[in-house]
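Peer 1: Position chains B, C, D, E and F against the provided structure of chain A, taking the given hints into account.
Protein chains: 6
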Amino acid sequence: MMCEVPLCDERFKKGWEKIKEIDQGILQDFYKSLLDISSEFARQLVQFPFGDVYSRPALDSRRREPAIVSAIAALGHAQPQLRLHLHAAIKVGCTRDELIEVLMMTAVYSGFPAALNAFATFGSVLKEVEAPCKESA
Amino acid sequence: MMCEVPLCDERFKKGWEKIKEIDQGILQDFYKSLLDISSEFARQLVQFPFGDVYSRPALDSRRREPAIVSAIAALGHAQPQLRLHLHAAIKVGCTRDELIEVLMMTAVYSGFPAALNAFATFGSVLKEVEAPCKESA
Amino acid sequence: MMCEVPLCDERFKKGWEKIKEIDQGILQDFYKSLLDISSEFARQLVQFPFGDVYSRPALDSRRREPAIVSAIAALGHAQPQLRLHLHAAIKVGCTRDELIEVLMMTAVYSGFPAALNAFATFGSVLKEVEAPCKESA
Amino acid sequence: MMCEVPLCDERFKKGWEKIKEIDQGILQDFYKSLLDISSEFARQLVQFPFGDVYSRPALDSRRREPAIVSAIAALGHAQPQLRLHLHAAIKVGCTRDELIEVLMMTAVYSGFPAALNAFATFGSVLKEVEAPCKESA
Amino acid sequence: MMCEVPLCDERFKKGWEKIKEIDQGILQDFYKSLLDISSEFARQLVQFPFGDVYSRPALDSRRREPAIVSAIAALGHAQPQLRLHLHAAIKVGCTRDELIEVLMMTAVYSGFPAALNAFATFGSVLKEVEAPCKESA
Amino acid sequence: MMCEVPLCDERFKKGWEKIKEIDQGILQDFYKSLLDISSEFARQLVQFPFGDVYSRPALDSRRREPAIVSAIAALGHAQPQLRLHLHAAIKVGCTRDELIEVLMMTAVYSGFPAALNAFATFGSVLKEVEAPCKESA
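These protein sequence lines are chains A, B, C, D, E and F, in that order.
With the first letter of the first sequence counted as 1, position 74 gets the number 74 in UniProt numbering; the numbers rise by one all the way through.
With the first letter of the second sequence counted as 1, position 92 gets the number 92 in UniProt numbering; the numbers rise by one all the way through.
With the first letter of the third sequence counted as 1, position 54 gets the number 54 in UniProt numbering; the numbers rise by one all the way through.
With the first letter of the fourth sequence counted as 1, position 13 gets the number 13 in UniProt numbering; the numbers rise by one all the way through.
With the first letter of the fifth sequence counted as 1, position 130 gets the number 130 in UniProt numbering; the numbers rise by one all the way through.
With the first letter of the sixth sequence counted as 1, position 18 gets the number 18 in UniProt numbering; the numbers rise by one all the way through.
Okay, chain A solo, but in the shape it has when bound (with noise of 0.2 Å):
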């Protein structure tokens, strides 16, 4: 996907690199549809949690994307949040075990109805993500 953006700001490069990384085109999606909005807003989404959290060398994608699974299926209200990031997980190199590992605990920490309801969301996010493999099939 071509991106027209501010690519001289290092934050937004650094956030976009990121984006580019982890996300299936959802983030993206999320972030066009801002643009017609606020685009002030549309680029602090990419800057502050990409740009300058997620993009921190400390915690590489594949270690990072468990523990933000976690705490979005633990809020409860953020399906589509967990949805973008699931993908983003499974894209890094989570396996499947490994996700349902995560979102068993969320079941301890903030009730069944959230685990549910993250288990639900992830039904769908591996029903997409096998879909274009039977296509081509």
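Derived from the structure by calculation, the hints contain no laboratory data.
Careful: at least some of the hints might be erroneous.
You can't tell identical chains apart in this list, so a pair holds if it fits in one copy or across any two.
Subject to a maximum C-alpha distance of 30 Å in a straight line, what follows is the list of computed DSS-like cross-link-like pairs (lysine-lysine) [stated by the list, open to error]:
{"#": "1", "residue 1": "Lys91", "residue 2": "Lys127"}
{"#": "2", "residue 1": "Lys91", "residue 2": "Lys32"}
{"#": "3", "residue 1": "Lys13", "residue 2": "Lys91"}
Just so you know, these numbers come straight off a predicted model, no measurement behind them.
Peer 2: Structure of chains B, C, D, E and F alone, referenced to chain A:
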């Protein structure tokens, strides 16, 4: 610490072993306080989170605790449990830098108040961890 | 509905009996969807909430469901589970007036948005409950 | 819109006048749906939030709605009510830029998932607001 | 305790009677503290939750308090109000075992941190309840 | 107060100026405590909320703080940050009556427990504000 509990129960036994692996005494204090109020809930606390979920072999404590810390920090209302799992994370080998990375992400998905409160708890935990060393110095 | 599950497990068996007592099919749908994603979490869902907690004899379902509905409505982010327990409450004999009282209190401790969303879910449940009668008329 | 309600009740009357001042029809739809489920809660919805609180003269709607939008966006689980108050804010004269400022702050205290969901709702509201103009063109 | 309040107001009067029925002094302390900050909000606290909602005859306090305790425990951030309603529940005749059942369910829908914090508050309440007896012994 | 920080950074500089405008010392205490734990997160705290968001010119602090107070009170788990912004609101000229209006609305969308806790924090803040005057009297 000694623990007079129904160790013949398989789930309790697994839970108690996990607790001994990760806990610095905080969960054991919760457990003892609960015994006076509801020994049944005390038993469930050992059996379900620690026996059924946290002791599953697919994820060892070293990789599990960062995801737990991440989620409990995101809740915003669970400082005693955050303190317990920050101590646990340190005990099983998570580094200070790794935990800082995890807590920093709280600002992204739960906002700065939750992140600030999590860092304040982390500050106390670091003092508790370093205190014995200083005493013995 | 038939259910091919490990009924030799005591906790699962108790959980499944409680589910048959209270559920109108919604929990059983959750359970079946989960089987494809994580049969272990599906089993935990039956064993812990329904086998260990909801089936304890100290409180029968008739008195337990109003407290469950009250708490799940208060969460504000658990409409699928609220729908499940509103159906369960009606099945075990809670009256419409009693459930209205319970949902009305949501406005007091969780605010009007949570209460409005709970009443909207209750409206759908009431239509689902009355639909078969109309069909047979 | 006509409204057959107990206008002799002073609190209801004040609440209904406030609703007519700010509402674009969404709250009135909530109210009508509630009438079939619990006319008492429908009445309380008009009397307490709108009659007792929002109509207090110390703060006019122009200054009140930004604070309401800010809090409801921060909740993260109240999109129908956020939509209602974004429309209300526009009706009483808040500018698009002012509402963007308010929603942008959501990222600071409630995190980016809540902020993203709030901006998505704001995007829909902006389309609804502009739709009639386009139709009449 | 004496209370110099506008008892001519019907809603306030009903609210105050309900408070006298269930409260062990905690709500009355909240009320008095509020008088110095906003006497209007103090009045609303008596009028809406206690006058309009909790005093409705369709559910007596003996059946209402377990649902209130259940929801407030589920919130996770309302320990002062949980303490108030645990005392109220005991005053109106709920047994210790019934309240344990209610709090135990918190682990199911809000997770173990919320449940542990609720049991800790219940532990303090039980000590407060038993303290006078010991003193008089 | 002196502050030895990288004032050459433009975002930090803007953030620090906003902090000096609104803060009564509480945020500066947060900042100093953070320096010992993670100087990077301390920097982000100044840069993102205060440098990027709160200092945007489209809304001055006089109009921004009521919306901040409203949202943080609605969260229910952020009393230290509520205290900080209640002091800030008073410093930038919000009146006591205006803040009471804002906090009173908390009961509508977050419920009475969150509102009561917010008013309790406001009570402490009012005492802190008035204390120096009394001392100098």
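Peer 1: Now tell me, hint by hint, if it's right for this structure.
Peer 2: Status of each hint after checking the structure:
In this homomeric assembly, Lys91 and Lys127 come within 30 Å of each other (Cα to Cα) only inside a single copy, at 14 Å, whereas the closest approach across copies is 34 Å. For the homomeric pair Lys91 and Lys32, the shortest alpha-carbon distances inside one copy (21 Å) and between copies (27 Å) are both at most 30 Å. For the homomeric pair Lys13 and Lys91, the shortest alpha-carbon distance inside one copy (21 Å) is at most 30 Å, but the shortest distance between copies (37 Å) is not.
In summary, the structure agrees with every hint in the numbered list given earlier.
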